[in-house]
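> Starting from the known structure of chain A, fit chain B onto it as the hints suggest.
Each chain is listed here by its residues.
Protein chains: 2
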Amino acid sequence: MKLTILGCYAATPRSMTNPTAQVLELNGHMFLIDAGEGTQIQLRKNKIKFQRINHVFISHLHGDHFFGLIGLISTFSLLNRQSDLHVYGPKGIKEIILLQLRLSNSYTGYGLYFHELESKESEVVFEDERVIVRTIPLDHRVYTNGYLFESKPGDRKLRIGAIEDLGIDRCYYQKIKQGGNITLDDGTVVQNKDITYDPAPTESYAFCSDTYYSEAIVPIIKGVHALYHESTFLESEAHYTERTKHCTAKQAAAIAKLAEAEVLILGHYSTRYTDITAFKTEAEEVFDGTILNADDGVIFDL
Amino acid sequence: MKLTILGCYAATPRSMTNPTAQVLELNGHMFLIDAGEGTQIQLRKNKIKFQRINHVFISHLHGDHFFGLIGLISTFSLLNRQSDLHVYGPKGIKEIILLQLRLSNSYTGYGLYFHELESKESEVVFEDERVIVRTIPLDHRVYTNGYLFESKPGDRKLRIGAIEDLGIDRCYYQKIKQGGNITLDDGTVVQNKDITYDPAPTESYAFCSDTYYSEAIVPIIKGVHALYHESTFLESEAHYTERTKHCTAKQAAAIAKLAEAEVLILGHYSTRYTDITAFKTEAEEVFDGTILNADDGVIFDL
Numbered sequence: 119m120k121l122t123i124l125g126c127y128a129a130t131p132r133s134m135t136n137p138t139a140q141v142l143e144l145n146g147h148m149f150l151i152d153a154g155e156g157t158q159i160q161l162r163k164n165k166i167k168f169q170r171i172n173h174v175f176i177s178h179l180h181g182d183h184f185f186g187l188i189g190l191i192s193t194f195s196l197l198n199r200q201s202d203l204h205v206y207g208p209k210g211i212k213e214i215i216l217l218q219l220r221l222s223n224s225y226t227g228y229g230l231y232f233h234e235l236e237s238k239e240s241e242v243v244f245e246d247e248r249v250i251v252r253t254i255p256l257d258h259r260v261y262t263n264g265y266l267f268e269s270k271p272g273d274r275k276l277r278i279g280a281i282e283d284l285g286i287d288r289c290y291y292q293k294i295k296q297g298g299n300i301t302l303d304d305g306t307v308v309q310n311k312d313i314t315y316d317p318a319p320t321e322s323y324a325f326c327s328d329t330y331y332s333e334a335i336v337p338i339i340k341g342v343h344a345l346y347h348e349s350t351f352l353e354s355e356a357h358y359t360e361r362t363k364h365c366t367a368k369q370a371a372a373i374a375k376l377a378e379a380e381v382l383i384l385g386h387y388s389t390r391y392t393d394i395t396a397f398k399t400e401a402e403e404v405f406d407g408t409i410l411n412a413d414d415g416v417i418f419d420l
Numbered sequence: 119m120k121l122t123i124l125g126c127y128a129a130t131p132r133s134m135t136n137p138t139a140q141v142l143e144l145n146g147h148m149f150l151i152d153a154g155e156g157t158q159i160q161l162r163k164n165k166i167k168f169q170r171i172n173h174v175f176i177s178h179l180h181g182d183h184f185f186g187l188i189g190l191i192s193t194f195s196l197l198n199r200q201s202d203l204h205v206y207g208p209k210g211i212k213e214i215i216l217l218q219l220r221l222s223n224s225y226t227g228y229g230l231y232f233h234e235l236e237s238k239e240s241e242v243v244f245e246d247e248r249v250i251v252r253t254i255p256l257d258h259r260v261y262t263n264g265y266l267f268e269s270k271p272g273d274r275k276l277r278i279g280a281i282e283d284l285g286i287d288r289c290y291y292q293k294i295k296q297g298g299n300i301t302l303d304d305g306t307v308v309q310n311k312d313i314t315y316d317p318a319p320t321e322s323y324a325f326c327s328d329t330y331y332s333e334a335i336v337p338i339i340k341g342v343h344a345l346y347h348e349s350t351f352l353e354s355e356a357h358y359t360e361r362t363k364h365c366t367a368k369q370a371a372a373i374a375k376l377a378e379a380e381v382l383i384l385g386h387y388s389t390r391y392t393d394i395t396a397f398k399t400e401a402e403e404v405f406d407g408t409i410l411n412a413d414d415g416v417i418f419d420l
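Top to bottom, those sequences are chains A and B.
For the first sequence, the numbering used here gives the first residue as 119, with consecutive numbering after it.
For the second sequence, the numbering used here gives the first residue as 119, with consecutive numbering after it.
Looking at chain A on its own, in the form it has when it is part of the complex:
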């Protein structure tokens, strides 16, 4: 599981700070999460093979989270993309994109599918044999979802030595990988756990931005491996959180603790702060796990 931060600063893009966008690589997928203005430029700067992105997840329709989507969709067209692109986001995103494609007379040559969200309950929005993605309803000034990405367990791993000792034929290997017990010719039943190892552990990543402090999300993300949680403010500006519906680093840490996350990644910093290490320092007072400061261009191997 690899996370590339393309941008993690709040509000407007600047010379040195980019609005929210990140790329999650998980079990063979490359997911784009949010797409602030300049996302396609950041993808190029970070040398990401962005034609591999087939799924884009937009949290909400504030400009710093989606103004870069139309540019990326257009560039895919100019690059003669063929494969389908799926966009998940709040109701309205389809109208915004299609209006611009229509007025510029530039419909895409590839399949462009919108999955518009309206539910206030967590729901599965994407699933295949490798990964499952659910929404995390957040509490912000407009309708907003975070996303929980989980890899699925692969096959169990064969204990070849034990299997050969028992004289089990190769034709049963697939059944064993899938967890089945085996009955030998003499009637003995061999338990699956005695001839396999557990599959590689699953991985999970929760993206939670933008949001007011909300313990309602804890049951959804309980036990998540890595949690990206917005921390727009430090404690000295905590009084802004209610009106703006954002969080402090300490609040992000409190959610990480309640959710028993292993890793907390802080981001969506207000551009009023010049030193982001203070976010980590404040979060450490609350959360004992690993705490990482997101920053533009940083790659986390999780």
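If you're looking for bench data, these hints aren't it; they were derived computationally from the structure.
Possibly wrong hints are sitting among the right ones.
Pairs count within a copy or across copies, as identical chains cannot be separated in the list.
Cut-off 25 Å, straight-line C-alpha distance, at most; resulting in silico cross-link-like pairs (SDA-like, lysine to any residue) [as the list claims (entries may be wrong)]:
hint, residue 1, residue 2
1, 165, 134
2, 363, 217
3, 120, 277
4, 163, 389
5, 363, 224
6, 363, 226
7, 212, 261
8, 363, 219
9, 167, 237
10, 363, 199
11, 120, 406
12, 163, 414
13, 163, 392
14, 363, 196
15, 212, 250
16, 212, 278
17, 398, 411
18, 212, 133
19, 212, 223
20, 165, 334
21, 209, 257
22, 363, 223
23, 167, 133
24, 363, 220
25, 167, 390
26, 238, 219
27, 295, 321
Just chain B now, with coordinates in the frame of chain A:
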């Protein structure tokens, strides 16, 4: 008259090249012409006091000329802008911007006025006591206008020595500046030209991008001081111009020659070229005046 090139490359933004956007400072105005993705970042990088921009002129609704407009409009809101902003561009631009503001629940706190264009004839779109701006209908794949910016002549300048020798009272100075003749007490009529100098010469700038080769624009821009004319291709790729409705550098030079422009500024280069000096070389074969290569971040004092 000062022109700052924020971006002058065709198609998609890249790490090192920006799509079309430029700032023209003329007779006290600061005009933004086109606004490709990343315009607000380029404004910051070039340290332009962009709150001074009150008028934005959009040539056409291809993404590389307007995808940065919504971000700029939103940023003006976040910066608590108070003064009106006027946007001139093809019909549809209002719907694009207002839809995004509505869905992000972020209407502007300042006056945002759209002047949508549909005419295929040149028309005056802005005029005050200092400047007049007209459209230049262009021939592109979608409805497109260039813009001609002209400063207006100021007052005539007094020849103080001659005026004092004639004993003309100060109360007539305003009348003289405005071109009036004076009748002396003895009935002699003093011609204005004998007691004034001509006002400072007017300045003019024509922005023509994107367009196929079109001599129809020549009468509109005849005698223009500085002409920015797109030159997407070199001669070796001239066969692309018809399908894409773009020009070569030589064609841009031919228009500059017919229009008797003093200065030709080349830009909107296809990103297939790594060396833009070749555009100037090819244009020089046709046009004898000054030829400038636009490039991102370059400032021309015209």
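> Each hint should be assessed against the structure and marked as holding or not.
We went through each hint and held it up to the structure:
no.	hint	verdict
1	165 / 134	both (18 Å within a copy, 13 Å between copies)
2	363 / 217	between (30 Å within a copy, 23 Å between copies)
3	120 / 277	neither (29 Å within a copy, 76 Å between copies)
4	163 / 389	both (21 Å within a copy, 16 Å between copies)
5	363 / 224	between (37 Å within a copy, 15 Å between copies)
6	363 / 226	between (36 Å within a copy, 19 Å between copies)
7	212 / 261	both (15 Å within a copy, 24 Å between copies)
8	363 / 219	between (32 Å within a copy, 19 Å between copies)
9	167 / 237	neither (33 Å within a copy, 43 Å between copies)
10	363 / 199	between (38 Å within a copy, 22 Å between copies)
11	120 / 406	within (22 Å within a copy, 57 Å between copies)
12	163 / 414	both (11 Å within a copy, 17 Å between copies)
13	163 / 392	both (23 Å within a copy, 18 Å between copies)
14	363 / 196	between (38 Å within a copy, 16 Å between copies)
15	212 / 250	within (23 Å within a copy, 39 Å between copies)
16	212 / 278	neither (52 Å within a copy, 67 Å between copies)
17	398 / 411	within (6 Å within a copy, 48 Å between copies)
18	212 / 133	neither (30 Å within a copy, 28 Å between copies)
19	212 / 223	both (16 Å within a copy, 17 Å between copies)
20	165 / 334	neither (37 Å within a copy, 44 Å between copies)
21	209 / 257	within (16 Å within a copy, 37 Å between copies)
22	363 / 223	between (38 Å within a copy, 14 Å between copies)
23	167 / 133	both (24 Å within a copy, 14 Å between copies)
24	363 / 220	between (34 Å within a copy, 19 Å between copies)
25	167 / 390	between (33 Å within a copy, 19 Å between copies)
26	238 / 219	between (29 Å within a copy, 22 Å between copies)
27	295 / 321	within (20 Å within a copy, 79 Å between copies)
When each numbered hint is compared with the structure, violations occur for hints 3, 9, 16, 18, 20.
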